[in-house]
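Line order of the protein sequences matches chains A and B.
Residue numbers for the first sequence follow this note's numbering, beginning at 94 and rising by one.
Residue numbers for the second sequence follow this note's numbering, beginning at 152 and rising by one.
Simulated from the structure, these hints should not be mistaken for laboratory data.
Hints are supplied without guarantee of correctness; some may be wrong.
[Said to hold, decoys possible] Below, a list of computed lysine to aspartate or glutamate pairs in the EDC-like style, where the Cα atoms sit at most 16 Å apart:
1. B:K325 with B:E353
2. B:K534 with B:E517
3. B:K460 with A:E95
4. B:K534 with A:E312
5. B:K526 with B:E588
6. B:K356 with B:E386
7. A:K257 with A:D387
8. B:K332 with B:D221
9. B:K260 with A:E196
10. A:K209 with A:E283
11. B:K337 with B:E394
12. B:K421 with A:E196
13. A:K229 with B:E423
14. A:K150 with A:E207
15. B:K337 with B:E402
16. B:K322 with B:E300
17. B:K260 with A:D213
18. B:K329 with B:D375
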Amino acid sequence: MEFFRNTHFDFVKFRYIAITCSLILICSGLISMAIKGGLRMGVDFKGGILMQVSFNKAPSIEEVRSALKTINLQESIIQEVSGRNDLIIRVEKDKTAGESGYEGIKQQVTKALEDKYGKDSFRFERLEYVGPVVGKDMVEKSVLATIFSFLGIIIYLSFRFEFKYGVAAIIALVHDVLTTLALFSFLNKEFTPTILAAILTLVGYSVNDTIVVYDRIRENVHLHSKEGLPDLVNNSVNETLSRTVITSLTTFFSVTVLFFFGGPVIHDFAFAMMFGIVTGTYSSIYIAAPILIDWDRFLLKKKVS
Amino acid sequence: MKNFKLFAIILIIATSVFYAMPTANIFFPDILAKYLPGKKVNLGLDLQGGTHLVLSVDTSKLPAGSNADDAVEVVKEIIRNRIDQFGVAEPVIQRQGTNQIIVELPGIKDSARAKQLIGRTAMLEFRLVDEQADLQSAINKNQIPDNLELLSMEHLDENKNITRSQLLIEKEAKLTGKYLKEVQIKFGEFNEPRVTIAFNEEGGKIFSNVTGDNVGRRLAIVLDGVIKSAPVIREMIPSGNAEISGSFTMEEAQDLSIVLRAGSLPAPVKIEQEQTIGPSLGSDSIKSGVMCGILSLAVIWLFILVYYKFSGLIANLALLINVIVLIAAMTMIKATLTLPGIAGIILTIGMSIDANILVFERIREELRQGKSNRKAIENGYHKAFITVLDSNITTIISAVFLYYFGSGSIRGFAVSLTIGLLASMFTAITLSRVLQETYEKSTSKLSI
Chain A
94 MEFFRNTHFD FVKFRYIAIT CSLILICSGL ISMAIKGGLR MGVDFKGGIL
144 MQVSFNKAPS IEEVRSALKT INLQESIIQE VSGRNDLIIR VEKDKTAGES
194 GYEGIKQQVT KALEDKYGKD SFRFERLEYV GPVVGKDMVE KSVLATIFSF
244 LGIIIYLSFR FEFKYGVAAI IALVHDVLTT LALFSFLNKE FTPTILAAIL
294 TLVGYSVNDT IVVYDRIREN VHLHSKEGLP DLVNNSVNET LSRTVITSLT
344 TFFSVTVLFF FGGPVIHDFA FAMMFGIVTG TYSSIYIAAP ILIDWDRFLL
394 KKKVS
Chain B
152 MKNFKLFAII LIIATSVFYA MPTANIFFPD ILAKYLPGKK VNLGLDLQGG
202 THLVLSVDTS KLPAGSNADD AVEVVKEIIR NRIDQFGVAE PVIQRQGTNQ
252 IIVELPGIKD SARAKQLIGR TAMLEFRLVD EQADLQSAIN KNQIPDNLEL
302 LSMEHLDENK NITRSQLLIE KEAKLTGKYL KEVQIKFGEF NEPRVTIAFN
352 EEGGKIFSNV TGDNVGRRLA IVLDGVIKSA PVIREMIPSG NAEISGSFTM
402 EEAQDLSIVL RAGSLPAPVK IEQEQTIGPS LGSDSIKSGV MCGILSLAVI
452 WLFILVYYKF SGLIANLALL INVIVLIAAM TMIKATLTLP GIAGIILTIG
502 MSIDANILVF ERIREELRQG KSNRKAIENG YHKAFITVLD SNITTIISAV
552 FLYYFGSGSI RGFAVSLTIG LLASMFTAIT LSRVLQETYE KSTSKLSI
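The shape of chain A in the complex, shown without the other chains (with noise of 0.2 Å):
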């Protein structure tokens, strides 16, 4: 079976449209973080509480909420977790900055609970705290941990390639981070450290389809000397192009069977994935391989004036 066999995409072609439909998804992202004031953070970024209580008899948020609402905790975040009777109950950082601390605000929230529900109906599944500065630690190491990461992809792209084909491949993953960013604020999802990692693992699995591509570019600059630059690149995506989309569909259901049936905590990583997995390949397509081709014009014409 195949799929694909000398195809004859002109992907170059239509790449302005493609930068032009990025930079208008990106730009908007931007914009509405901007409005939003950044991004939805979760416990382990901005400080604050979780609790995964777990009831005996599934309970109605609603009931859990006005059950809150007797320690003025009604404003907390209440989610259910499918597949169990488990209510996630999340405070904000400053409601457990008081004195008691946060073990105050769980004694707290388990006399309420048990007024509401009654003793031993229910018990405490999970719960994380995150203090202010392990939270400011956190998005500063996250924020070190992308940009490391990244010179060192630069560093080996320029050692085994040429220095424009590491700044071009940067210049995708900065895309694919800022699309799957801007796709997290438009759906107001958390950030955690969990899709951090999902970001991370998107930026080495698409940095993995430009270096297919660009491998093949390299393979046919030997080969063809003769065809110009854009040429080459159309071949080359279009060469590798069976290898990308089955690639691509093989993680692609692995990662939809971890947004199924990955339990909570996983299928938010999964989303990003399935997401960053589309995003990747299309920038490895349409960003990574056309800037190679600017990147030649643009230092030409500066030599030519």
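Keeping the supplied structure of chain A fixed, place chain B upon it in accordance with the hints.
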């Protein structure tokens, strides 16, 4: 050479199966079981349940001139002592950065008591023991004079077991840790360890009075409400320098000196971060993780088999072995499997098949160019190898930084992804090539 390669491959696979078996919970006969390593892969707290705490030691209030690094070390030892009292199996207590301490308590259901124990500032008191009072009626009938308190004392017997006895001691503390200036371990003439303490000027005066008035009585050293030692006052000590001698082992002397230093340490401990996972949530995560792994393996298997026929079968076998090698390697190097780590394994499944796809697509191209089967296989593996290497190295670069900057469970993700990719270089390249070449040689067929 060829034989050697085959031998090495079989050896690696056999070893991996051997190490992965206990984790997979596969039935094996008892006769075999005693030869198996018996170790399962290490599960992270998010999978087995337990509490992960990050504590910070506030060293800002330490007296000028004292070493902050030492202070954190002492606090760490105090926490270790307290957790040992608590009786948790295999706790992890380690330093992180300049002033942080990580505490991991597997299997704890209610973290509140543990935190209370850990978060307390150490309270060291010197209190007189009342040996005149009726200890028996205090223990049996709870008849305790108003000015006294019944506290237990821990000591190690000859077999190093902790035994507890009870003493009636005065409620009023004669001295507290804040008067202590220095604690040292010195050695006597028979090289037996002794703990020497020095009080500051004010403490020295009080100590002089207390010892002068109470020669022959016992002065209990009480840390956090537990009597650690109750030496007898032999004479009045005017200098403020005292020596506690007894039949200490070196360890006991060290423990006592830590106890004494703890009390003089105004370094409160604050909980910066906590993650507590209940056991049922953990086992749910394992179940859904295993199900996801099997499902995604099955989906990929089917797809690859249909798309690449017999070559696909080889890739599928390589993929299965990849997972086995990964689990075995994690067991062997005692890496910890976390929930994001399971995601890492499932991602590895998706990514490692990529290496095979690259090779197979290349072989198809070579065949289209009219190459012979044998040449196509050779070129396919040869040309695709560089691409596979480059792409895996870049992913590993990301994973390394994720490990370096990440914490806890995210590290588990980086670990399983890295090991998985390294293993895939072996299974998807070396192993599949040998299988494919062998098949081609014996049948002169190439099904792709």
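In rising order, the numbers of the hints this structure does not comply with: Going through the list in order, the structure violates hint 10 alone and respects the others.
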